[in-house]
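Construct all of the structure, not just a fragment, from the sequences and the given hints.
Quick note, the sequence shown lines up with residues 1 to 210 if you use the numbering used here.
These are computed hints drawn from the structure, not numbers from a lab.
All of these numbers come straight from a predicted model, not from anything done at the bench.
Ideal placement from N, C-alpha and C gives every residue a C-beta, glycine not left out.
Any given hint could be a false lead.
To be verified - No farther apart than 20 Å at their CA atoms in a straight line, the calculated lysine to any residue pairs in the SDA-like style are these:
| hint | residue 1 | residue 2 |
| --- | --- | --- |
| 1 | 176 | 103 |
| 2 | 170 | 102 |
| 3 | 170 | 101 |
| 4 | 176 | 4 |
| 5 | 176 | 86 |
| 6 | 176 | 209 |
| 7 | 170 | 32 |
Claimed, not checked - With beta-carbon atoms standing in for the labels, derived distance ranges:
| hint | residue 1 | residue 2 | range |
| --- | --- | --- | --- |
| 8 | 205 | 149 | 45 to 55 Å |
| 9 | 188 | 119 | 52 to 62 Å |
| 10 | 180 | 10 | 19 to 29 Å |
| 11 | 208 | 118 | 18 to 28 Å |
| 12 | 125 | 72 | 43 to 53 Å |
| 13 | 5 | 205 | 42 to 52 Å |
| 14 | 133 | 178 | 33 to 43 Å |
| 15 | 91 | 1 | 52 to 62 Å |
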Amino acid sequence: MLIHPWDAPQHDTEWQHWLAAHDFGQLAVNGPSGEPPFVQPLHFAYDPGRGEAIAHLARANPLLPALEAAPQVVLSVVDDYVYVPGPWQAEPDGPTEHGVPTSFYAAVQLRCTAHLVDDPAEMAPLLDHQVGHFQPEGGSSTVLAGEPPYGRLLSGIRVVRLEVTGVRAKFKYAGKRSTEVQDRIAAGLVERGGPRDAVAREHLLRRRQG
Numbered sequence: 001m002l003i004h005p006w007d008a009p010q011h012d013t014e015w016q017h018w019l020a021a022h023d024f025g026q027l028a029v030n031g032p033s034g035e036p037p038f039v040q041p042l043h044f045a046y047d048p049g050r051g052e053a054i055a056h057l058a059r060a061n062p063l064l065p066a067l068e069a070a071p072q073v074v075l076s077v078v079d080d081y082v083y084v085p086g087p088w089q090a091e092p093d094g095p096t097e098h099g100v101p102t103s104f105y106a107a108v109q110l111r112c113t114a115h116l117v118d119d120p121a122e123m124a125p126l127l128d129h130q131v132g133h134f135q136p137e138g139g140s141s142t143v144l145a146g147e148p149p150y151g152r153l154l155s156g157i158r159v160v161r162l163e164v165t166g167v168r169a170k171f172k173y174a175g176k177r178s179t180e181v182q183d184r185i186a187a188g189l190v191e192r193g194g195p196r197d198a199v200a201r202e203h204l205l206r207r208r209q210g
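In structure tokens form, the structure reads like this:
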């Protein structure tokens with residue numbers, strides 16, 4: 001992922017705060033020699049204090065043998081994306097039809113070392129942590145090894161601990177454009193009012209203010 005200086009996070013808390021609210025991504029794992037990578041969409045719970053993300057997969061998932069063979073993986077998350085028409089990006093002293101269309105988006109890529117957990121006693125608290133992330137209001141039974149209702153299901157899954165070893169993050173929201181062009185883009189997003197336009201505008205204005 002190319003990251004220009006004007007698209008880089010302004011500080012670590014920017015991508016950490018964004019990632020806390022974007023917990024569905026794609027796990028990319030090297031396939032066997034000569035084969036394309038495996039890519040698995042999945043929910044995960046990121047814990048910045050521990051520097052890891054927790055997920056789980058069905059034991060029959062073909063991605064798991066690939067993880068064992070090549071545990072260096074990438075967890076990729078992309079959202080808040082919109083298409084920006086060329087005229088919105090045109091320079092003030094030139095024809096609007098010469099403006100270059102582009103995409104706005106936020107992306108975080110976590111480079112990780114994957115650790116597979118099979119012991120039910122170790123899996124249970126990790127699964128509880130993941131459920132607690134998505135259901136802070138509760139409502140589900142605690143996971144206990146060998147105990148109903150979930151204990152018997154543990155043999156059918158494997159927990160994946162993704163130890164984060166590197167982070168690449170990008171917030172592509174007109175960072176190199178003049179204030180006049182940024183204002184035009186922000187106004188265009190309001191007028192269009194499409195999916196994700198409002199949050200894209202928020203990113204543009206927030207990053208301009210620093």
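Evaluated hints:
{"no.": "1", "hint": "176 / 103", "in the structure": "holds (14 Å)"}
{"no.": "2", "hint": "170 / 102", "in the structure": "holds (15 Å)"}
{"no.": "3", "hint": "170 / 101", "in the structure": "holds (18 Å)"}
{"no.": "4", "hint": "176 / 4", "in the structure": "holds (9 Å)"}
{"no.": "5", "hint": "176 / 86", "in the structure": "holds (15 Å)"}
{"no.": "6", "hint": "176 / 209", "in the structure": "holds (14 Å)"}
{"no.": "7", "hint": "170 / 32", "in the structure": "violated (30 Å)"}
{"no.": "8", "hint": "205 / 149: 45 to 55 Å", "in the structure": "holds (47 Å)"}
{"no.": "9", "hint": "188 / 119: 52 to 62 Å", "in the structure": "holds (54 Å)"}
{"no.": "10", "hint": "180 / 10: 19 to 29 Å", "in the structure": "holds (22 Å)"}
{"no.": "11", "hint": "208 / 118: 18 to 28 Å", "in the structure": "violated (49 Å)"}
{"no.": "12", "hint": "125 / 72: 43 to 53 Å", "in the structure": "violated (26 Å)"}
{"no.": "13", "hint": "5 / 205: 42 to 52 Å", "in the structure": "violated (19 Å)"}
{"no.": "14", "hint": "133 / 178: 33 to 43 Å", "in the structure": "holds (41 Å)"}
{"no.": "15", "hint": "91 / 1: 52 to 62 Å", "in the structure": "violated (27 Å)"}
Of the numbered hints stated above, those contradicted by the structure are hints 7, 11, 12, 13, 15, listed in ascending order.
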